[in-house]
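*Asks:* I would like the entire structure built from these sequences, with the hints used as guidance.
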Amino acid sequence: MKKNNKGIALITVLILSFIGLALVGTLLFMTRNSINISGYFSSYQTALEAAKGGFDASVAKLLSLDCDNSSLSGNLDLSDYIPSSRLGNYSVTCTVLSKYYYPTVDPITHNISDHCVYSLEIEADSTIGNDKAIIDAVVKIE
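Just so you know, our numbering puts 109 at position 109 of the sequence shown, and the rest follows in order with no gaps.
Hints are not guaranteed to be accurate.
[As the list claims (entries may be wrong)] Label-pair distances were calculated between CB atoms; the ranges are:
| # | residue 1 | residue 2 | range |
| --- | --- | --- | --- |
| 1 | G88 | H115 | 30 to 40 Å |
| 2 | L63 | S43 | 25 to 35 Å |
| 3 | P107 | Y44 | 19 to 29 Å |
| 4 | G129 | L65 | 25 to 35 Å |
| 5 | Y102 | K132 | 29 to 39 Å |
| 6 | E121 | F29 | 32 to 42 Å |
| 7 | E142 | G88 | 57 to 67 Å |
| 8 | L97 | F18 | 54 to 64 Å |
| 9 | I141 | E49 | 18 to 28 Å |
| 10 | V138 | M30 | 40 to 50 Å |
Everything labelled a hint here was simulated from the structure, so no lab data went into it. Glycine residues also receive a C-beta, built at the ideal position from the N, C-alpha and C atoms.
*Replies:* In structure tokens:
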């Protein structure tokens, strides 16, 4: 008597086809997601560079201010330091979270020098997407 092995061959081919299809689908899914993640990362890097530019402009603005015991809080006006055409698709705001003023006396010369410590939050928002980068910094101005 001859046995018919066509049924087991069909089952084996179907199982191997399903495994191959699952592997190809997994590879396509992983490739697509890594491209998306790479795109998100490059968008964030661009927003981070805009925030770093905002930090540089904020420090330039703080250096132009008098370091005295006056209070300073809220948003800094950075329009003189950041031309809007150079930001591209990002709007940058700098918020002074706190200011600490302390004078110090040099023990040798007895000169009084002023020191100000600012706590800043710089935020870069994309005007066309939802990319955002926030930098918190502490700056000491003498």
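*Asks:* Now tell me if each hint is right for this structure.
*Replies:* Structure-based check of each hint:
Taking 30 to 40 Å as the suggested C-beta distance range, the pair G88 and H115 conforms, at roughly 36 Å. Judged by the Cβ atoms, the range 25 to 35 Å given for L63 and S43 holds: they are separated by roughly 31 Å. Checking the proposed 19 to 29 Å range against P107 and Y44 shows it is violated: the Cβ atoms sit about 48 Å from each other. For G129 and L65, the hinted distance range of 25 to 35 Å is satisfied, since their beta carbons lie about 34 Å from each other.
In this structure the hint that Y102 and K132 lie 29 to 39 Å apart at CB holds, the actual value being about 34 Å. Taking 32 to 42 Å as the suggested C-beta distance range, the pair E121 and F29 conforms, at roughly 38 Å. Judged by the Cβ atoms, the range 57 to 67 Å given for E142 and G88 is violated: they are separated by roughly 34 Å. Between L97 and F18 the CB atoms are about 58 Å apart, so this pair conforms to the stated range of 54 to 64 Å.
For I141 paired with E49, a C-beta distance near 24 Å keeps the hint of 18 to 28 Å intact. Against the hinted window of 40 to 50 Å, the Cβ-Cβ separation of V138 and M30 comes to about 41 Å, which satisfies the hint.
Hint check: violations occur at hints 3 and 7; the rest are consistent with the structure.
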